[in-house]
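Engineer: Produce the complete structure using the sequences and hints provided.
Quick mapping for you: the protein sequence lines, in order, are chains A and B. Position 154, counted from 1, in the first sequence is what the working numbering calls 154; the numbers after and before it change by one each time, with no gaps. Position 45, counted from 1, in the second sequence is what the working numbering calls 45; the numbers after and before it change by one each time, with no gaps.
Quick look at which bits of chain A chain B covers, simulated, 3 or more residues with Cβ under 8 Å:
(1) 51 to 57
(2) 119 to 130
(3) 313 to 319
(4) 322 to 332
Chain A regions said to be covered by chain B (calculated; three or more residues, Cβ under 8 Å):
(5) 350 to 357
(6) 394 to 402
Derived from the structure by calculation, the hints contain no laboratory data. Glycine included, C-beta positions come from ideal geometry on N, C-alpha and C.
The lines below spell out each chain.
Protein chains: 2
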Amino acid sequence: MPVNLSAPDPASLLPVPGVALGIASAGIKKPGRKDVLVMTLAPDSEVVGVFTQNRFCAAPVTVCKEHLHGEAGIRALVVNTGNANAGTGQEGLARARRTCASLAGHLSLKAEQILPFSTGVILEPLPVEKIEAALPAAVADLKPANWAMAAEAIMTTDIVAKAASRKVALNGVEFAVTGIAKGSGMIHPNMATMLSFLATDAPVSCEALEAMLRHAVNKSFNCITVDGDTSTNDSCILIATGATAAPVIMDDGDPRFTSLQSAVTEVMVQLAQAIVRDGEGATKFMEVRVEGGKDEAECKQVAYAIARSPLVKTAFFASDPNLGRILAAVGYAGIADLDVDRIRLWLGNVLVAEKGGRAASYQEAEGARVMAAPEIAVRVDLARGDTVATVWTCDFSYDYVKINAEYRT
Amino acid sequence: MPVNLSAPDPASLLPVPGVALGIASAGIKKPGRKDVLVMTLAPDSEVVGVFTQNRFCAAPVTVCKEHLHGEAGIRALVVNTGNANAGTGQEGLARARRTCASLAGHLSLKAEQILPFSTGVILEPLPVEKIEAALPAAVADLKPANWAMAAEAIMTTDIVAKAASRKVALNGVEFAVTGIAKGSGMIHPNMATMLSFLATDAPVSCEALEAMLRHAVNKSFNCITVDGDTSTNDSCILIATGATAAPVIMDDGDPRFTSLQSAVTEVMVQLAQAIVRDGEGATKFMEVRVEGGKDEAECKQVAYAIARSPLVKTAFFASDPNLGRILAAVGYAGIADLDVDRIRLWLGNVLVAEKGGRAASYQEAEGARVMAAPEIAVRVDLARGDTVATVWTCDFSYDYVKINAEYRT
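Structural biologist: Right, dumping it as structure tokens:
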């Protein structure tokens, strides 16, 4: 069951001027289920994205990149669940392009102005006719206050819909930042994969928006892991419609840049943590903070070694303060000149290890108390520098094996 | 349950002239259980070893490295289970040295002529008095035909004892190569860890023995994974007693070098595969062969990405030919310029994927037939070179979670 996570209150999700959302049922996997989302964007919206690094990237990812690099401004997004259109070769690309062309026809746009997204089973042909048949209903449903329904429409193995929103005042003008995400693990190549769409009505240049996206992703979606697998379809899109009038934020020299970037980052962190809280089989939410590194990269390397270890994750499932497994993960994280005698390790606020072994002050009952909670903080001080990185993950339970062993049955 | 693995027939394990083995019960973890092994070696035996890369390496690993680099020839090994003497700081080093000194007293040797090994729980002080009290019984038990008992004495979470033996004729003189191993995963920082001891009575120079060890480990223990964690205690020791008279094999220019190296490698591969077959919770044995790489390193990188993926391993547990998960693992293995359209993937002899998607000839029933067997071969052709690497692993079952969640209870 999701850890401290419930569906968002639709009233808490601010509409974003310049964005309308429409939902429909194409019956891709199950009849009657909402599985198609269309988003339309005001003219001159700036749109930037980051995508999976997996070499087996899905057809829609390839088409997205083409269209984002094109001259025609992006004016709409189309998302389907139930089929990832990945591992589908040339035919997959053709079907992704046909989906764009069909929606373009309904909206009087060019196909190159549409970004396509798919999530679901891979290696199966995309049922493009079903999606095309559902587009008129999705277009008829387009309205600005549809974020909560959109968050539901893009769910796959997710138990809870994921959405977040912030209001930000920039030089006295109020703007909205609203986003949705889906994904029940950082990666589920066969079924889930991570998708996220955020929009603001603030006017932002493409370059500034790109910088904000990279910063926010690095502090959010790039800090989570459920199972360490990297999907074929991961996509995160940030939109600035500029529909609310104000001078354009050109770059980070504009004092408003940082305020808006903070709001975007907050929304993205909330969505990223929601994915971990709803991780497959999750019963615990863990924050792994590594400090005292020479640079952020080595802090993240150590944090991920801990957060990915099946041995650490099963110990957290069992609420067992099995310190040795955490220290061993620190030891094999790949820092060749690490001095293990200087490392300190805390569970919550309890110092559990120092000087290469268990801390003299440590009482097992104290560790057990921290481990019994649904949210657990692990902190490691490498004592070799002054940088920090934080990673979020969930535990590894019987249900993870069950969900993934039985997925296709 | 172990996959196609049963305890070795003691009669099949050749004694190695120059090696005697003695077993005793120190009551380290459970009363009455055999948990201490002493091996003595003929004077002038050559001894070489490889050890864990984990920065949190255990105290006995540090002491082993010191003694191997010393001037005094190694004449005995002492192994205990039930406690890993890892994460124990300066006191751990002192206790490992004291164990060596005690055994040296019984055998009229110097402490520097003893190599110590420990495996079991980490972060707990080594009960050195219990080990010392058991040494006289172990020494009294020393005999050449004790390999099977020794394999049993070093078990921890292992279900089945692991030993293998080969006879090799070099220029008409027959030599034995016999080895034992323990470990129920490549790494189990808290309990298991991998230990292996091999000996031959052939006379081999230190340099030649070192070369043989590195070659054999690279083709065996460095080709397995159960959970991807790297232990604090992993050690593999190769001994050449030279107790059977023959000219010394000085280097790989000696035609006998290759024959002996092959025998050592065969024994090590059998032991390494036995560890995977007895992997925690294993129900399937998988061989992942990646060919057509630019170099062996990239083949191994792809093979490990597949073999480590929890999604792949749970699919194998379910006997589900979930090809997408394997392709996704190939895609995220980290080869930046990989052309996924050229990759071909087989399950057993069935071609399942090519040209970026499912093979036209593939029938799901064929894939399901391969997956139903207890031993499954996965083969990937990267089509970008002519090197090959093979990795062995097991599936990921409910029992893996159970064993590791409940280990300390």
